[in-house]
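Could you build all of it, start to finish, from the sequences and the hints given here?
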Amino acid sequence: MSETSSKQNLKTSARQLATVIDLNKCMGCQSCTVACKNLWTQRPGTEHMRWANVGTYPGRGYPRDWQSKGGGYDKDGNAKAGELINLVEAGDNFQFNHDEVFNQQKGQSAHLQPTTSKGEKPQWGYNWDEDQTSGDWPNAFFFYLPRKCNHCSNAPCIDACSRNAIAKREDGVVLIDQEKCTGHRHCVEACPYGMVYYNLSTGRSEKCIECFPRVEQSIAPACNRQCVGRTRAYGYLDDKDSQVHKLVYDWQVALPLHPEYGTQPNVYYVPPMSTFAYDDEGRLTDEMRIPMEVLEEYFGSAVNGALKTLVTERQKKKDGKSSELMDILISRRWEDRFAQFTNEPV
Amino acid sequence: MKVKRHSLDAALLLDGRASAWSGIEETLLPLSPSPIALTESVSPYMAKITGHGKVKKIRVRMAHNGSIFSMRLSWDDPDKDNETTDLDEFSDAVSVMFPLAKGATAFTMGSEEKPVNAWFWKAGEPGPFDVLAEGYATSNRRPAETSGLRASDYHEGGTWVVVLQRPMAGDGHGIVHIEPGVDTGIAFAVWEGSNKERSAQKAVSGEFKRLKVDA
Chain V
27 MSETSSKQNL KTSARQLATV IDLNKCMGCQ SCTVACKNLW TQRPGTEHMR
77 WANVGTYPGR GYPRDWQSKG GGYDKDGNAK AGELINLVEA GDNFQFNHDE
127 VFNQQKGQSA HLQPTTSKGE KPQWGYNWDE DQTSGDWPNA FFFYLPRKCN
177 HCSNAPCIDA CSRNAIAKRE DGVVLIDQEK CTGHRHCVEA CPYGMVYYNL
227 STGRSEKCIE CFPRVEQSIA PACNRQCVGR TRAYGYLDDK DSQVHKLVYD
277 WQVALPLHPE YGTQPNVYYV PPMSTFAYDD EGRLTDEMRI PMEVLEEYFG
327 SAVNGALKTL VTERQKKKDG KSSELMDILI SRRWEDRFAQ FTNEPV
Chain S
16 MKVKRHSLDA ALLLDGRASA WSGIEETLLP LSPSPIALTE SVSPYMAKIT
66 GHGKVKKIRV RMAHNGSIFS MRLSWDDPDK DNETTDLDEF SDAVSVMFPL
116 AKGATAFTMG SEEKPVNAWF WKAGEPGPFD VLAEGYATSN RRPAETSGLR
166 ASDYHEGGTW VVVLQRPMAG DGHGIVHIEP GVDTGIAFAV WEGSNKERSA
216 QKAVSGEFKR LKVDA
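Protein sequence lines, in the order shown, are assigned to chains V and S. Counting in my numbering, the first sequence runs from 27 upward without gaps. Counting in my numbering, the second sequence runs from 16 upward without gaps.
Careful, some of the hints might be misleading.
Unchecked claim - Between beta-carbon pairs, the in silico distance windows are: (1) S:T65 / V:S94: 19 to 29 Å; (2) V:H124 / S:G66: 42 to 52 Å; (3) S:T65 / V:W360: 50 to 60 Å; (4) S:S209 / V:D305: 50 to 60 Å; (5) S:S37 / V:P239: 56 to 66 Å; (6) V:C55 / S:G221: 56 to 66 Å; (7) S:G66 / V:K147: 32 to 42 Å; (8) V:N104 / S:D24: 54 to 64 Å.
It should be emphasised that the hints constitute simulated quantities derived from the structure, not laboratory data. Even glycine gets a Cβ: it sits at the ideal position worked out from N, Cα and C.
Here it is as structure tokens:
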């Protein structure tokens with residue numbers, strides 16, 4: 027078997043699990059981040075990792091400036107060189123002077139403050155620019171962008187691994203074999219989403235495992251299940267009864283992030299409709315505050331059609347008519363969102 | 016290249032500072048950047064990398080005593096990279112490779128039919144690794160005990176000195192057997208950690224050179 031065809035085998039799966047996230051409902055509470063961290067990244071060497079994370083956009087994102095670090099493929103499908111991320115960009119591992127403040131009776135003189143893993147005053151950290159906006163008053167805007175590994179259908183991390191340690195399972199989940207990985211980090215450079223992390227303690231790279239031990243027992247991944255805003259749907263893309271399928275294919279309102287990266291990501295986003303803008307006289311207009319250029323930059327040109335559909339369907343509901351799409355997005359019963367993945371995580 | 020027989024004990028031959036080494040002929044081997052573009056099918060991302068192969072030469076002294084094979088490798092490297100404290104840092108390393116079958120190629124790290132065996136030392140690791148490879152992307156790092164491989168190292172005055180030593184007899188799977196009086200092949204590779212060198216990003220001595228082993 028040639029190397030190329032074996033790579034293709036590693037990248038191919040019978041089915042594909044996917045997540046849809048409605049950005050109109052995400053309030054940036056970081057419940058997904060915390061749910062993931064509590065489960066998977068409390069081990070030595072994983073302190074900086076947020077396999078699930080939420081950034082404020084426009085913003086530099088997490089890991090910092092991930093959108094300008096390359097990776098993925100060009101429009102002809104050729105690999106694009108990428109860059110490694112360092113500890114500060116990846117969120118670092120802040121230490122706090124808890125003992126000084128709470129146990130040494132210095133509560134009046136010492137203030138709780140973080141230091142970086144290198145013992146310095148932090149200049150950057152996870153969500154350093156949270157809630158910072160763009161646009162001019164009174165038309166300021168921002169939106170939250172929750173992220174995790176996209177378990178791409180054309181995963182560049184699999185292509186990049188010089189040891190063939192990364193592969194897709196039959197359900198589409200992309201995993202790094204910790205026995206085979208030797209920490210070369212070509213996967214870190216290749217992922218244009220910055221969702222592969224190096225573990226300094228083990229000398230190996232890690233990333234979101236899609237909570238596969240849960241998924242195997244029909245329990246939705248923790249980030250999806252713990253979302254208090256009911257922003258997320260989960261299931262197999264080819265399951266025609268799943269919300270995932272309906273939102274991605276039937277309604278075409280759930281779009282991949284940066285489709286131009288060429289990796290065919292499997293986290294899909296319902297784009298933010300944003301609030302209406304005021305004109306110079308302070309009157310409310312029917313213009314969206316988030317410029318279309320911004321949304322097109324993130325979700326491609328398909329975002330125009332998706333937003334039109336969303337606005338149309340929302341209007342139906344406002345007019346007292348029925349809308350299957352709005353009923354899906356309202357999500358009255360949480361079980362409806364997760365297809366067969368509704369077992370309790372006990 | 017040749018390795019002469021010396022009646023020296025194994026402990027002495029594992030000590031890079033031992034004066035015995037000064038009586039053993041030194042070979043200066045030029046190194047060049049590995050032909051990384053050849054790895055396109057293994058990793059199109061790795062194949063794009065340029066600027067690797069920072070170390071330009073390696074000094075090699077080799078000796079055997081009939082049962083133990085030792086080599087003292089040294090190369091100039093002002094940056095001692097034996098500890099990675101950030102996500103974009105890499106450690107220095109050196110490797111010596113032998114063919115396990117006639118016609119095995121060093122550039123490809125062997126093939127399924129013609130594998131190679133390498134002794135791999137990486138700065139900061141508790142011990143060396145015994146590596147079996149059957150072509151790109153197949154290298155299997157095994158514990159040093161697999162073949163009785165041992166190593167010692169020190170960094171002084173901007174120079175790394177690494178000694179790799181192993182019993183000449185090798186009878187396990189993928190373990191090179193070095194027979195006194197029988198020629199074999201040898202190739203070298205050096206990784207400069209501060210230049211982010213790892214995997215195929217390395218300096219290499221080229222295709223296998225004939226190694227004459229004294230009877």
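Comparing the hints with the structure gives:
1. S:T65 / V:S94: 19 to 29 Å: 20 Å, holds
2. V:H124 / S:G66: 42 to 52 Å: Holds - the Cβ-Cβ distance for H124 (chain V) and G66 (chain S), about 44 Å, lies within 42 to 52 Å.
3. S:T65 / V:W360: 50 to 60 Å: 51 Å, holds
4. S:S209 / V:D305: 50 to 60 Å: 57 Å, holds
5. S:S37 / V:P239: 56 to 66 Å: 59 Å, holds
6. V:C55 / S:G221: 56 to 66 Å: 58 Å, holds
7. S:G66 / V:K147: 32 to 42 Å: With Cβ atoms ~34 Å apart, the hint holds.
8. V:N104 / S:D24: 54 to 64 Å: 56 Å, holds
Checked against the numbered hints given earlier, the structure satisfies every one of them.
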